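Enquirer: Listed below are the residues making up each chain.
2 protein chains.
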Amino acid sequence: MKYPNHIEKNYKNPLSYKNRGMDLEEDLNSTNEYYLEKDIALIFKKPTPIGVAKVSYSPKGKVIERAFFKEPSTLDYNGLYRGSYIEFDAKVTKNRTSFPLANIHPHQLEHIKKVIKHKGIAFLIIRINEIVYLLRGEDLLSYITSHKRNSIEYEFIKEKGYMIKYSFNPSLDYLKIVDHVYFKEE
Amino acid sequence: MKYPNHIEKNYKNPLSYKNRGMDLEEDLNSTNEYYLEKDIALIFKKPTPIGVAKVSYSPKGKVIERAFFKEPSTLDYNGLYRGSYIEFDAKVTKNRTSFPLANIHPHQLEHIKKVIKHKGIAFLIIRINEIVYLLRGEDLLSYITSHKRNSIEYEFIKEKGYMIKYSFNPSLDYLKIVDHVYFKEE
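If you read the sequences in order, they're chains G and C. Everything in the first sequence is counted per this note's numbering, starting at 1 for the first residue and increasing by one. Everything in the second sequence is counted per this note's numbering, starting at 1 for the first residue and increasing by one.
Bound conformation, chain G alone (with noise of 0.2 Å):
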């Protein structure tokens, strides 16, 4: 018995969760409040900062009139988890074949080096292939200085990153890798 084509397409990834609906962000919004919740991690987005330029006042309160996204220098997400400062930055990219590094500005690049160096621990969280990586800073800042090319390779990431698998609740428990990985645990 023979199956109509279409069959084939709507086959569900368990790593990918594309067809939800779901993006990166989402998750890893959804799984910070889980560890906020369960009192596991505290771990926040940080608002985007903005330069206002015009506010009025209406009787809920002040209201932003105008304003303007402003580039951040430093990583979306920080927090503390097991007594350690946590920044990371999440991001997605549909190359199949590398990373652009187009996706971080280099103050964000100088920030992980001052993380490590005062003893934090700094990541980013990629999604390439639809499969989602932690790669530590560290192993970037050393791809990044032996290597002249604006983009990371998938092999390097392949090697290098860990991992994050999607699961019910928390969407993506990128804790569990960081235990591993930073807290030497199984």
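One or more of the hints may lead you astray.
With a straight-line Cα cutoff of 27 Å, these simulated DSSO-like cross-link-like pairs (lysine-lysine) come out [claimed, not checked]:
#1 Lys-91/C / Lys-165/C
#2 Lys-62/G / Lys-46/C
#3 Lys-70/G / Lys-114/G
#4 Lys-113/C / Lys-70/C
#5 Lys-54/G / Lys-158/C
#6 Lys-91/C / Lys-46/G
#7 Lys-38/C / Lys-91/C
#8 Lys-119/C / Lys-176/G
#9 Lys-54/C / Lys-70/G
#10 Lys-184/C / Lys-160/C
#11 Lys-46/C / Lys-119/G
#12 Lys-158/C / Lys-184/C
#13 Lys-38/G / Lys-119/C
#14 Lys-91/G / Lys-60/C
#15 Lys-119/G / Lys-38/C
#16 Lys-70/C / Lys-46/G
#17 Lys-46/G / Lys-117/G
#18 Lys-117/G / Lys-62/G
#19 Lys-117/G / Lys-117/C
Please keep in mind that the hints were generated in silico from the structure rather than gathered at the bench. On a predicted model such as this, the values are computed, not experimentally measured, just so you know.
Go by the hints and put chain C onto chain G.
Expert: For chain C alone, kept in the frame of chain G given last:
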């Protein structure tokens, strides 16, 4: 020889610098910039969380046409110092005898509890009577637990708080106090 009355009034308190028109937030921001430049600590004021209601697109990028300020559930400043997670809030009161607790949201108090539980450092920087104090989160919470008042008496802040002196650069060297209080240094 008698001085006219106004001379007494113009006497400058060396701890206040009020006449320079600086406010506590500006002083802390410039102090944090100093720490960043000298590579002492990575501490930033979090952007105020906003809810964007309307955006438009200009040749220069996305412009926010309407947005609202949201209530923060964490403290205003956080970062990394000597391998430790630090979070604090800065509060000014014109009240001379006590610090009104209406200045701190209940979820911020909950957050201070959690930061301490997860082995971070949490405190308030309070300016009262033109003097700046660092009050440990632990002391704040124990005061609130044992007193059924809606303010903290100035006497308590004087007794339990640590005075942060104004200086030229950095203007408010609060990490000196952090060293003394949390890292047991002179």
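Enquirer: Taking the hints in turn, state whether each one holds.
Expert: Do the hints match the structure? See the list:
{"no.": "1", "hint": "Lys-91/C / Lys-165/C", "result": "holds, 16 Å"}
{"no.": "2", "hint": "Lys-62/G / Lys-46/C", "result": "holds, 19 Å"}
{"no.": "3", "hint": "Lys-70/G / Lys-114/G", "result": "holds, 21 Å"}
{"no.": "4", "hint": "Lys-113/C / Lys-70/C", "result": "holds, 22 Å"}
{"no.": "5", "hint": "Lys-54/G / Lys-158/C", "result": "violated, 40 Å"}
{"no.": "6", "hint": "Lys-91/C / Lys-46/G", "result": "holds, 21 Å"}
{"no.": "7", "hint": "Lys-38/C / Lys-91/C", "result": "holds, 26 Å"}
{"no.": "8", "hint": "Lys-119/C / Lys-176/G", "result": "holds, 19 Å"}
{"no.": "9", "hint": "Lys-54/C / Lys-70/G", "result": "holds, 17 Å"}
{"no.": "10", "hint": "Lys-184/C / Lys-160/C", "result": "holds, 16 Å"}
{"no.": "11", "hint": "Lys-46/C / Lys-119/G", "result": "holds, 21 Å"}
{"no.": "12", "hint": "Lys-158/C / Lys-184/C", "result": "holds, 20 Å"}
{"no.": "13", "hint": "Lys-38/G / Lys-119/C", "result": "holds, 16 Å"}
{"no.": "14", "hint": "Lys-91/G / Lys-60/C", "result": "holds, 23 Å"}
{"no.": "15", "hint": "Lys-119/G / Lys-38/C", "result": "holds, 16 Å"}
{"no.": "16", "hint": "Lys-70/C / Lys-46/G", "result": "holds, 13 Å"}
{"no.": "17", "hint": "Lys-46/G / Lys-117/G", "result": "holds, 22 Å"}
{"no.": "18", "hint": "Lys-117/G / Lys-62/G", "result": "violated, 40 Å"}
{"no.": "19", "hint": "Lys-117/G / Lys-117/C", "result": "holds, 25 Å"}
Hint violations for this structure: numbers 5, 18, all remaining hints satisfied.
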